[in-house]
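Number of protein chains: 4
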Amino acid sequence: MSKKMRSKPRKEISYTSRIRVRFVETDPLGIVWHGNYIQYFEDGREAFGRHHGISYLDQKEHNFSTPIVKSNSEHKLPLRYGDVATIKTIYIDSPAAKMMFRYEIYNPKDELVCTGETVQVFVELGGEMSLTIPDFFLAWKKKVGLVDE
Amino acid sequence: MSKKMRSKPRKEISYTSRIRVRFVETDPLGIVWHGNYIQYFEDGREAFGRHHGISYLDQKEHNFSTPIVKSNSEHKLPLRYGDVATIKTIYIDSPAAKMMFRYEIYNPKDELVCTGETVQVFVELGGEMSLTIPDFFLAWKKKVGLVDE
Amino acid sequence: MSKKMRSKPRKEISYTSRIRVRFVETDPLGIVWHGNYIQYFEDGREAFGRHHGISYLDQKEHNFSTPIVKSNSEHKLPLRYGDVATIKTIYIDSPAAKMMFRYEIYNPKDELVCTGETVQVFVELGGEMSLTIPDFFLAWKKKVGLVDE
Amino acid sequence: MSKKMRSKPRKEISYTSRIRVRFVETDPLGIVWHGNYIQYFEDGREAFGRHHGISYLDQKEHNFSTPIVKSNSEHKLPLRYGDVATIKTIYIDSPAAKMMFRYEIYNPKDELVCTGETVQVFVELGGEMSLTIPDFFLAWKKKVGLVDE
Numbered sequence: 001m002s003k004k005m006r007s008k009p010r011k012e013i014s015y016t017s018r019i020r021v022r023f024v025e026t027d028p029l030g031i032v033w034h035g036n037y038i039q040y041f042e043d044g045r046e047a048f049g050r051h052h053g054i055s056y057l058d059q060k061e062h063n064f065s066t067p068i069v070k071s072n073s074e075h076k077l078p079l080r081y082g083d084v085a086t087i088k089t090i091y092i093d094s095p096a097a098k099m100m101f102r103y104e105i106y107n108p109k110d111e112l113v114c115t116g117e118t119v120q121v122f123v124e125l126g127g128e129m130s131l132t133i134p135d136f137f138l139a140w141k142k143k144v145g146l147v148d149e
Numbered sequence: 001m002s003k004k005m006r007s008k009p010r011k012e013i014s015y016t017s018r019i020r021v022r023f024v025e026t027d028p029l030g031i032v033w034h035g036n037y038i039q040y041f042e043d044g045r046e047a048f049g050r051h052h053g054i055s056y057l058d059q060k061e062h063n064f065s066t067p068i069v070k071s072n073s074e075h076k077l078p079l080r081y082g083d084v085a086t087i088k089t090i091y092i093d094s095p096a097a098k099m100m101f102r103y104e105i106y107n108p109k110d111e112l113v114c115t116g117e118t119v120q121v122f123v124e125l126g127g128e129m130s131l132t133i134p135d136f137f138l139a140w141k142k143k144v145g146l147v148d149e
Numbered sequence: 001m002s003k004k005m006r007s008k009p010r011k012e013i014s015y016t017s018r019i020r021v022r023f024v025e026t027d028p029l030g031i032v033w034h035g036n037y038i039q040y041f042e043d044g045r046e047a048f049g050r051h052h053g054i055s056y057l058d059q060k061e062h063n064f065s066t067p068i069v070k071s072n073s074e075h076k077l078p079l080r081y082g083d084v085a086t087i088k089t090i091y092i093d094s095p096a097a098k099m100m101f102r103y104e105i106y107n108p109k110d111e112l113v114c115t116g117e118t119v120q121v122f123v124e125l126g127g128e129m130s131l132t133i134p135d136f137f138l139a140w141k142k143k144v145g146l147v148d149e
Numbered sequence: 001m002s003k004k005m006r007s008k009p010r011k012e013i014s015y016t017s018r019i020r021v022r023f024v025e026t027d028p029l030g031i032v033w034h035g036n037y038i039q040y041f042e043d044g045r046e047a048f049g050r051h052h053g054i055s056y057l058d059q060k061e062h063n064f065s066t067p068i069v070k071s072n073s074e075h076k077l078p079l080r081y082g083d084v085a086t087i088k089t090i091y092i093d094s095p096a097a098k099m100m101f102r103y104e105i106y107n108p109k110d111e112l113v114c115t116g117e118t119v120q121v122f123v124e125l126g127g128e129m130s131l132t133i134p135d136f137f138l139a140w141k142k143k144v145g146l147v148d149e
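Those protein sequences? They're chains A, B, C and D, same order as listed.
Position 23 of the first sequence, counting from 1, maps to 23 under UniProt numbering, and the rest follow consecutively.
Position 48 of the second sequence, counting from 1, maps to 48 under UniProt numbering, and the rest follow consecutively.
Position 125 of the third sequence, counting from 1, maps to 125 under UniProt numbering, and the rest follow consecutively.
Position 84 of the fourth sequence, counting from 1, maps to 84 under UniProt numbering, and the rest follow consecutively.
Please note that the accuracy of each hint is not assured.
If several chains are the same, the list does not tell them apart, and a pair holds so long as it fits within one copy or across any two.
[Said to hold, decoys possible] Calculated cross-link-like contacts (lysine to aspartate or glutamate; reagent style DMTMM-like; alpha-carbon spacing at most 20 Å):
1) Lys-143 - Glu-12
2) Lys-76 - Glu-117
3) Lys-70 - Glu-104
4) Lys-141 - Asp-58
Please keep in mind that the hints were generated in silico from the structure rather than gathered at the bench.
Just need the whole structure built from these sequences, with the hints factored in.
Set out below in structure tokens:
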């Protein structure tokens, strides 16, 4: 992804949540099917959103949805049925009209099993993609200290 | 289920479709996870609907949705990754304001692996459950020969 | 289901757990897709199993799997994205070589949204369906007080 | 991804298959949930594999599995319920002990809705990741004309 995406925010805004691997999420090899990590990323992003006040329902209240336009994942170790995994969701700040997150998933031994990134854009409900940062998101950036008042 | 549900229609309206078992649909035991048969029933019901003109999109055009209020399944044999299974979807006629289907799923050797039934009611979009059969559904019953003109 | 299945245990063994409805579990009508309740039943059954020592992993340790041979669900009210639902999982005792559970799912207002039942049989790994109750399950019945020593 | 991954094969080996968007694959916004494209990529890859003789089952016959270690997706347009989409799966050749594919998904109007890439490694069943190209895969490369005899 672009250099801009990798730029370090002055202040890291993150949230750590947990998921328990479901039987149905594992495959005939006994490990989590790779596509389910996209769901775990969403679980982490929503836990972040509920904690920091920027969840899907918060966005909807402001008449915005934030579809994902890019995502990637890298897999280092497997997760197995019954594992309680830890998801660290890190907001990546950018001056663009985008929401970007980085994810780190750890197994019960605290080993890194998977990393990933997602990029979301802002779409006004029933409308077009926003080319500028919506007011509610700018207000959120101020609230969490990413932008000066 | 009730005796009414089991009443034989004078004429059997059915449709036979096929699905190929996906890797992600199988579990660590190497067989299809039981919950996925609910999806196969829906695949069969939608194939029936597209063929006989009563699919989800046909219902939506008439401002109705048909939520499932009851379902059951019985599992006799497993399906495995790569199996191409046959789904027979049979409409069960009833004088009530309901849509009822029976499903029979066969493996590549033509052995019966799973049976099930679903019951749907009619809900006007943005409204209440309909206690009488909606006009579009009565028209459909006439079209397929279940009700006399 | 048969009269035997409905027989009241002398003592109710149950467990209550919680799930949060995921975005991906809801459909274009904004409500949980009916097939996902089968997953919620499994979530409840596994939470019961971890609490009472009879989970999938406990069974596997004794070289048994317990495939589902029957299930049914009845839907009374919808669940929506973000709802934290309560699942009560109740063990239904029987003299047969079966595991049977009943499920009651409640919405955040404590209204009953869905009920269901599942029936599982015992299969020795790499083997046949057991016609008698396996030792490990009889031992479990004694431990939880369903069978006299 | 690395320059190596983007290297053009002398000869393009690809396969085009179709999927029909399922109701359950769409979200409350009425469009396919982004995580389901990972499934569509797998559908395309397996259709490619069945056609060209290198599917999951072919690999298993040679005692290899090919877990995904990297994937990415880019989303340009939505897919909706009932859409019949076209998946073009293109094999990306490389001298490394890897399998790489590129995916292009088109809507019924033949507009590009999603692209993606996956990288798989070779793992001997019950063993370690292979650092060299397994014999069965080299034989496949010869068969399809990517490597000289």
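Quick rundown of the hints versus the structure:
Proximity of Lys-143 to Glu-12 under the C-alpha cut-off of 20 Å is restricted to the intra-copy arrangement: shortest distance 14 Å within a copy versus 50 Å between copies. For a Cα distance limit of 20 Å, the shortest separation of Lys-76 from Glu-117 qualifies both inside one copy, at 15 Å, and across copies, at 17 Å. With identical chains, the CA atoms of Lys-70 and Glu-104 are at most 20 Å apart both within one copy (17 Å) and between copies (14 Å). Proximity of Lys-141 to Asp-58 under the C-alpha cut-off of 20 Å is restricted to the intra-copy arrangement: shortest distance 14 Å within a copy versus 45 Å between copies.
In this structure, every one of the numbered hints holds.
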